[in-house]
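Please model the complete structure; the sequences and the hints are all you need to start from.
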Amino acid sequence: MEHRYEDGPRPAPERDADDAGIAPERDADDAGTRPLALLMHAAFFLLLGASLARFLLRHPGEARTPWIIGLSIALAALYVIGPVLGSRPTARSLVWLGGLVVVWMVVVVLAPSFAWCAVPLFYTGLRILPPRAAYALVALLTLFVVAAQLRLAHGFDPNLVLAPPAVAAVATAVFVHMRRQAVRQGRLIDDLLRTRRELAATERREGTLAERQRLSMEIHDTLAQGLSSQQMLLQAADRTWDTDPATARRHIRTAEGIAERNLAEARRFVHDLAPADLAQGGGLDAALHALAARETAQAQGRLTVRCHIEGAPHTVLPDRTQSALLRIAQGALANVTEHAHATEAALTLTHLDDRTVLDIADNGHGFTPTAATGAPGGVRGHGLPAMRARLHQLGGTLTIESAPGEGTVVTATVPVAPAPPHQAPTLQDPTPQDPA
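Residue 1563 in this note's numbering sits at position 378 of the sequence shown, with consecutive numbering throughout.
Calculated directly from the structure, the hints in this document are not laboratory data.
One should not assume that every hint holds.
[Said to hold, decoys possible] Here are the simulated distance ranges between beta carbons:
(1) G1590 to T1425: 28 to 34 Å
(2) A1478 to A1386: 46 to 52 Å
(3) L1378 to E1523: 52 to 58 Å
Ideal Cβ placement from N, Cα and C applies to all residues, glycine included.
Shown next as structure tokens:
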């Protein structure tokens, strides 16, 4: 059966941040670069402490020493506030970053040895600012580092001019690469989660459609067939009401019995959707005998239904298999009563080593099986497709042998799994139930 699903419009695929020319998402940035952030925080305080120690060792007792100590403490305090503000470019974070950079520049002017604290500041600027603004800040900090190193060298040194830009370029490239990888990984995770949600929704839709199909078969094989029989009996009673009141009353009593049976089936649907005959105990064999006796009684001499059981099951049939075979027998006998005009019918259940076979035979008018494919656009003709659908779910097959004037034999075959060695058979269905 072909199922068609009506899904809503699918979202367009997101563009990569590198291709779009915009800053990547901050949430993915924070999640993917958190280890680098911890490393840079530790490096900042290590470089700040080393720079302060170098200054105190080389310039003890100078007038600028209190300023250097105070500014170092202020720089450390400002830096600690940063993680609290987050990495989004809000007004607070921008003001904080500006104050941090200004304090660092003042410290570098007073003591050039603090210049290497710029490396963690590179990371801070790249993490908060949009790409172009971040690159401009990195260039500004690099110029201060070069100037500070030249002051310490007291002369021109090509290494001091080229080394800081090289370090800044490497640090920037590493951070940008890690951030882009984090964004791609975040988007991949989002895609996987969205795929899981879509798969779950598809499975729910498939389960809903399967349950609708199952309920339609249950209703067709029980309530619909019972109502059809009641209609036929009540119509017969109406035709004989004036000429043969006794026969009319007998038809009505039979219709009443069918109605009572349908009521029991309806209540069973509400309870657990199991056939009422199986719920009474005794298994499929007893349920088929009860079905044959009931159909014979309801026919009032027009049809005799016999039941034969051949062999014994090597394993207890699952509840789902027993229910399906009983429903197929009910549907087939309903077709015999309504369409075949037969006088005799036989239910034969055969238990073989690897399969169970149910035959429903009658001596009615017969038909051409290739023409019994249902009635498109009508309300009838659901019985045989429903039987095939039931057996398909169990891995079984349905065979119909008939010809006009020669009766009909409907054969349902269901494979039976062998019982595990040294393990008692169980009454539970080992296959999962249909999704609700």
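What hints, given by number in increasing order, does this structure fail?
-> Per hint list: zero violations.
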